[in-house]
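**Q** Each protein sequence line maps, in turn, to chains R and X.
In terms of the numbering used here, the first sequence opens at residue 1 and continues consecutively.
In terms of the numbering used here, the second sequence opens at residue 1 and continues consecutively.
Treat the hints loosely; a few may be bogus.
Unchecked claim - With a straight-line cut-off of 20 Å between C-alpha atoms, the simulated EDC-like cross-links for lysine to aspartate or glutamate are:
#, chain 1, residue 1, chain 2, residue 2
1, X, K69, R, D5
2, R, K291, X, D80
3, X, K69, X, D88
4, X, K194, R, E269
5, R, K291, R, E348
6, X, K144, X, E181
7, X, K194, R, E348
8, R, K278, X, E223
9, R, K203, R, E348
10, R, K278, R, E257
11, R, K24, X, D12
12, R, K291, R, D5
13, X, K69, R, E61
14, R, K24, X, D14
15, X, K194, R, E60
16, R, K278, X, D149
17, X, K194, R, E10
18, X, K194, R, E309
19, X, K192, R, E61
20, R, K24, X, E181
21, X, K50, X, E29
22, X, K196, R, E60
23, X, K196, R, D5
24, X, K16, R, E269
25, X, K192, R, E60
26, R, K50, X, E51
27, X, K2, X, E32
28, R, K50, X, E181
29, X, K192, R, D331
30, X, K16, R, D59
31, R, K24, X, E51
32, X, K192, R, D59
33, X, K196, X, D80
34, R, K291, X, D88
No wet-lab data here; the hints were simulated from the structure.
Here's the letter readout for the chains.
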Amino acid sequence: MGFYDNFLTETHRMFRDTATRFAKEEIRPHVDAWEEAGEFPRELYFSAAKAGILGVGFDEEIGGSGGNAMAGVMVIEGLMQGGSAGVCAGLGSLGIALPPIVQSGDQNLIDRFARPALRGETIGALAITEPNTGSDVAAVSTRATLEGDHFVVNGAKLFITSGVRADFLTTLVRTGDDPHGGLSFLVIETNRDGVTTSAPLKKHGWWASDTAEIGFEDVRVPSKNLVGAEGSGFFTLMGNFQNERLALATYGVATAELALNEALRYSQEREAFGRPIKGFQVTRHKLVDMKTRITAVKTLVYQIAHRMEAGEFLVEEVSMAKNLAAELAVDVCFDAVQLHGGMGYMRESLVERLSRDARLLPIGGGTQEVMKEIIAKQMGL
Amino acid sequence: MKILTTVKRVTDPDMKVRIQPDQSGIVTEGVEYKMNSFDEYGVEEAITLKEAHGGEVVVVSIGPGAATKELRTAMAMGADRAILVETDADLDSDAVARVLAEVVGREEPDVIIMGKQAVDSDRSQTPQILGSYLNWPQATFAYKVEIEDGWAVVGREVDGGTATKRIKLPGIISADLRLNEPRYASLPGIMKAKRKPLETLTPDDLGVDIAPKVKVLNYEAPEERGAGEMVDDVDDLINRLKDEARVI
Ligand SMILES: Cc1cc2nc3c(=O)[nH]c(=O)nc-3n(C[C@H](O)[C@H](O)[C@H](O)COP(=O)(O)OP(=O)(O)OC[C@H]3O[C@@H](n4cnc5c(N)ncnc54)[C@H](O)[C@@H]3O)c2cc1C
Chain R
1 MGFYDNFLTE THRMFRDTAT RFAKEEIRPH VDAWEEAGEF PRELYFSAAK AGILGVGFDE
61 EIGGSGGNAM AGVMVIEGLM QGGSAGVCAG LGSLGIALPP IVQSGDQNLI DRFARPALRG
121 ETIGALAITE PNTGSDVAAV STRATLEGDH FVVNGAKLFI TSGVRADFLT TLVRTGDDPH
181 GGLSFLVIET NRDGVTTSAP LKKHGWWASD TAEIGFEDVR VPSKNLVGAE GSGFFTLMGN
241 FQNERLALAT YGVATAELAL NEALRYSQER EAFGRPIKGF QVTRHKLVDM KTRITAVKTL
301 VYQIAHRMEA GEFLVEEVSM AKNLAAELAV DVCFDAVQLH GGMGYMRESL VERLSRDARL
361 LPIGGGTQEV MKEIIAKQMG L
Chain X
1 MKILTTVKRV TDPDMKVRIQ PDQSGIVTEG VEYKMNSFDE YGVEEAITLK EAHGGEVVVV
61 SIGPGAATKE LRTAMAMGAD RAILVETDAD LDSDAVARVL AEVVGREEPD VIIMGKQAVD
121 SDRSQTPQIL GSYLNWPQAT FAYKVEIEDG WAVVGREVDG GTATKRIKLP GIISADLRLN
181 EPRYASLPGI MKAKRKPLET LTPDDLGVDI APKVKVLNYE APEERGAGEM VDDVDDLINR
241 LKDEARVI
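I would like the entire structure built from these sequences, with the hints used as guidance.
**A** See below:
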């Protein structure tokens, strides 16, 4: 019996097995080169789609693979065995770009955008953040003005994952003046006139994932690209944050587990003062603390995924898990680098990459402080 | 053509194995299990042959109830149905072969494709023992399989090269790792596999006494590898391989 067995079904494990095998065969052998190059080949979307990995959490009727919250956790855990959160984030951008489209039930949009992306033929991205606003979503100012049967879009989006290569952007735009009720989702194809895409932004971590700034200047977008009802954007976004935050919490746990494994291996191999460094009590205790915290946070993440799968809406707990897992990853990676000494500072060490990648987790998908504001509200503070 | 293929549930070969303090076996707490990798080649070949020649792929495992995962994985890859002969007992290769012989008696396949060995025990015996119980021809360590008019032409890995063997069917083929590239158990395939038939039997149902003839007395971990040493140059390396390691 494994400690987490009560959360996992046979199907969950099979999903993880497939994602793990994919990571070991298709990602890990190339990952160092991709990280240094700042991108991975587009074909990876195609092979991931073929293995059904891109489709996790989407219905089989629209070309998905089925599965629910825990299935998503399993796939991320498996993919992270490739050793690059950037590759996972790049491959996974459809996981945040498609839900608003799919939930709208609009067959035209599903056929044009969801199905090809699930086949790995096109790349989708979610565009919320702007140069002047991130946490404060209600301050989004990219404007879409209806002119006949077209919207005319002006504004800019920043830090968009997969944005450099994206074929379409599920974009949060302002269609009205009400801070919340004036926001809508509009799918914008990146080959439309007036869309400009930056070169890949140079980042602290997530190197293999292309991140872009995107500008819109009088971009004409057919009104049939509006997702759901006009003015429903903010509420759709808030609903989908649960899954994104669960995913980021899973990245955190998986990152910490990889870092612990590296630290265990290195502290066995590396000798100082005539013994392996794990011979020092201070080292052993550090490794013990890492494992103890990982076990606690992973249990919480699994518990939440398990309950979400049963249909619960766990705003407060997901926010807690996201913060705990992000801090876990940052701290465990810090200690894992420390245990590696100078080698931990070298790019050839996996912990060096993990420690950079981990730093994104308290920022992306809602900052640590924003999570705390959400929890405070839930607590009635 | 009816193809029977076998899968064994083994400990994840990428995990570090630890031995129980009393040396009675390995520590299983927290261990993940997978399909034996040589069986993945066997299953892939079975499915490829079915795609080319039509028929049915039946996948069999002998082991604990949890081995349904490995059977469903084979069905997710494309096998049509599965049989689990459920037992928690320690099995030797002979017991496995005798159980399989009974399954073969019921199923009457045209060809059996198995992994050449299991990556946990590394014995490489079961296909050969099964061949002798059934009195069927066998072609082991296959890197290439072609079926023509009731015969299988099998390219085999042998010491120092390859050999080709032609066996009359029904016969047994064991898969080596150059045979093919096993497809993924795709996620939609996994969902479909949930609805494919899986029959559970016991060794008793088949009338097989699985009491082992080979008993493992104890398990020991190999000696831990010491730290590496840097050599000055190639001459130094050669001298030390000669004088210290005595391998050349
Ligand atoms: C690698 C990467 C990938 C990304 N991918 C995407 C993507 O695909 N799509 C997308 O839309 N966005 C993406 N983002 C953007 C990300 O979601 C934002 O960076 C994040 O939400 C924070 O917004 P901001 O950067 O504008 O920070 P700000 O909102 O400017 O925050 C600055 C600081 O102020 C704090 N702060 C803000 N409000 C409060 C408050 N009320 N109380 C206390 N403190 C507060 C914040 O916590 C933070 O510490 C990505 C970012 C990165 C780094």
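**Q** Is R/K278 within 20 Å of R/E257, Cα to Cα?
**A** holds, 18 Å
**Q** If you draw a straight line from the CA of R/K24 to the CA of X/D12, is it 20 Å or shorter?
**A** holds, 13 Å
**Q** Would the hint linking R/K291 and X/D80 be met if the CA-CA limit is 20 Å?
**A** violated, 42 Å
**Q** Hey, R/K50 versus X/E181, does the alpha-carbon distance stay inside 20 Å?
**A** holds, 15 Å
**Q** Within 20 Å, alpha carbon to alpha carbon, are X/K192 and R/E61?
**A** Given that 20 Å is the threshold and the Cα spacing comes to 13 Å, the pair holds.
**Q** Given the hint that R/K50 pairs with X/E51, test it: the Cα-Cα distance must not exceed 20 Å.
**A** holds, 18 Å
**Q** R/K278 and X/D149: Cα distance at most 20 Å?
**A** Violated, because 63 Å separates the two Cα atoms, which is more than 20 Å.
**Q** When you check the alpha-carbon spacing of X/K194 and R/E269, does it fall within 20 Å?
**A** violated, 44 Å
**Q** Do the alpha carbons of X/K69 and R/E61 lie within 20 Å of each other, as the hint requires?
**A** violated, 25 Å
**Q** Mind checking the alpha carbons of R/K291 and R/E348 for me, to see if they're no more than 20 Å apart?
**A** Violated. R/K291 to R/E348 sits at ~24 Å, over the 20 Å cutoff.
**Q** Starting from R/K278, check that the Cα of X/E223 is at most 20 Å away, please.
**A** holds, 18 Å
**Q** Keeping to a limit of 20 Å between CA atoms, is the pair of X/K196 and X/D80 held or broken?
**A** With Cα atoms ~7 Å apart, X/K196 and X/D80 stay inside 20 Å; holds.
Consistency note: the structure conflicts with the earlier hints numbered 2, 4, 5, 7, 13, 16, 21, 23, 27, 29, 30, 31, 34.
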